[in-house]
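> Based on the hints, put chain B with the ligands in the right spot on chain A.
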Amino acid sequence: MSASRWPARLHLPTFGALLAVVAVWSLLSWRYGAYLLPSPLSVVRGFADIVGSGEVWTHTGASLARILVGFGGAVLVAVLTGLAAFLSRLARGVVHDALAVLNSTSVFVWIVISIIWFGLSNWAPIFTTFMITLPVVASNIVEGVEQVDRRLLEMGDVYRLSGGEKFRAVVIPSTLPYLMAGMKVGFGLALKVSVVAEIFGVTSGIGYIMNYSREILATQMVFVWALVMILVMMLTDKLVFDAVSRRLARWR
Amino acid sequence: MALKLQVAGVGKDYLIPVIDSVAFGVEAGEFVCVLGPNGCGKTTLLRIIGGLEPATRGEVLLDGKPVVAGDAHDRKVGVVFQEDRLLPWMTLAENVALVLKPLGLSPAERRAVARRQLALAGLAGFETYYPGRVSGGMRQRAAIARALAIEPDVLLMDEPFGALDAQNRRIMQNEVRRIWKETGRTILFVTHSIEEAVAIGTTLVMMSARPARIRELITNDGAIPRGELIERLNTMIMEEVERQQGGAPLG
Ligand SMILES: Nc1ncnc2c1ncn2[C@@H]1O[C@H](COP(=O)(O)OP(=O)(O)O)[C@@H](O)[C@H]1O
Ligand SMILES: [Mg+2]
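Same order as they appear, the protein sequences are chains A and B.
Residue numbers for the first sequence follow the numbering used here, beginning at 599 and rising by one.
Residue numbers for the second sequence follow the numbering used here, beginning at -12 and rising by one.
For the record, the hints were derived by calculation from the structure and aren't laboratory data.
Positions of the beta carbon are idealized from the N, C-alpha and C atoms, including for glycine.
Treat each hint with caution, since some may be false.
Taking lysine-lysine and the DSS-like style, the derived pairs with C-alpha atoms no more than 25 Å apart in a straight line are [claimed, not checked]: (1) B:K88 x B:K63; (2) A:K764 x B:K63; (3) A:K790 x A:K836; (4) A:K836 x A:K782; (5) A:K764 x B:K88.
Footprint (simulated), chain A over chain B, 3 or more residues, beta carbon under 8 Å [as the list claims (entries may be wrong)]: (6) 85 to 91; (7) 161 to 168.
With the rest of the complex left out, here is chain A (with noise of 0.2 Å):
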């Protein structure tokens, strides 16, 4: 890595706009008062003090939990419904109409409907993330599905390719750049979801600590979970998803 890489990387303009966010930040937080708007520094030390008790890890590590079950059932069930898209005709009008209807109603319909459901459990979040995200990844599969070429197919039939070479050597690889993205919009989609269910009834989470933190007065709290959260996004886009996509787009 050379150093004259750095300033580029570290895209000046944007420090730049990021100094003059904390200078007026620290401003109105001294003008205002630490209940409404602590100081960046406080929000720093916030930080420092969860990763040094390790509380980041705790309450980090449930929401992903919730969200891996959650969000994995949803990837899942697209993953079939794409699949049942693929096959049948029939399937494709009644999972169109299905994905319709689901991408219209709100996340609060959903954290109502599983407290009602499942009570104050772990449960609430998952299936709150998970009926959220489903339409999301499954549009995705769906229209890679449909845009998967015929004459490719076609070409499998020629050389009298089985059904199921068709399919590893033709559907899924053109379908998989749909299922990254509709997975990378899902997971953000995930984490912004699950957060908000998990101010109810459980005692874990992201969602929860930032809620009680509130709650105690603790309001740089709220600041520094709310950082969490960013820096999560943040790197699993970059980590895993960038990654992904990268891998599978080596042919281009």
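Showing chain B with the ligands alone in chain A's frame:
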């Protein structure tokens, strides 16, 4: 001698009758070029012969056995489409090796055949390239290598050089002609270029305007001087293009 391929009164209707009735026979090792105005049904005919499309009338016999669309027949037919139809996420060698799977070859054998066929098509050294990283001419050559790899009884080619520039086209014509001489395959080659057909075909089939019939079947054995032949074919195709534009309600 028994015919390799027999097209017996084949016709096809879509919304309009596209092919009225076409009949001709092809002996093993012949290089047949099919000519005709745009939209007269050349692609349709090739797809029927390849078993990709059912005929409305008549039938196609390959080694005396009927070709049924959608049915897996044991005769091997290679098809080179107007587009290369390579899988962009597979290397050239993987693309060729893929079509050898149904033939029951081991992975090592498949790799070896792919190497050999790509070399034959002038692509030695490009085995591990992805299609997006080579030129259009090279992609089309890889598609031809793929079609030859299954050692097809009959090779069907639908304007395979349509997307190439004049120079690459010339190179590919020589290439196909050389491969044909070396392998002795039976080839059916659709083109709308008369020069191309006269340059590479042993038999020329001139189709009429839609609904298509065979206007003339010419043995290209040098009996007619090349220039005169080209001129005659040009006159014919102009007449057919005019008839198609004037007569048919759909363009
Ligand atoms: N699948 C199809 N459905 C309806 N019409 C078709 C179909 N395929 C081809 N045609 C029509 O048949 C005619 C011949 O097409 P084609 O065989 O592609 O001609 P050529 O290859 O000689 O240019 C055209 O008028 C075209 O519109
Ligand atoms: Mg055509």
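> Evaluate each hint against the coordinates.
Status of the hints after comparison with the structure:
1. B:K88 x B:K63: Measuring from Cα to Cα gives roughly 13 Å; hence the hint holds.
2. A:K764 x B:K63: The hint holds at about 18 Å.
3. A:K790 x A:K836: OK: K790 of chain A and K836 of chain A at ~18 Å, within 25 Å.
4. A:K836 x A:K782: With a Cα-Cα distance of about 10 Å, the restraint between K836 of chain A and K782 of chain A holds, given a limit of 25 Å.
5. A:K764 x B:K88: Holds - the C-alpha atoms of K88 of chain B and K764 of chain A are around 11 Å apart, at most 25 Å.
6. 85 to 91: Coverage by chain A holds here, the residue count being 4 at a Cβ distance below 8 Å.
7. 161 to 168: Violated, because only 0 residues of the region 161 to 168 of chain B bring their Cβ atoms closer than 8 Å to Cβ atoms of chain A.
The structure fails to meet hint 7 from the earlier list, while all remaining hints are met.
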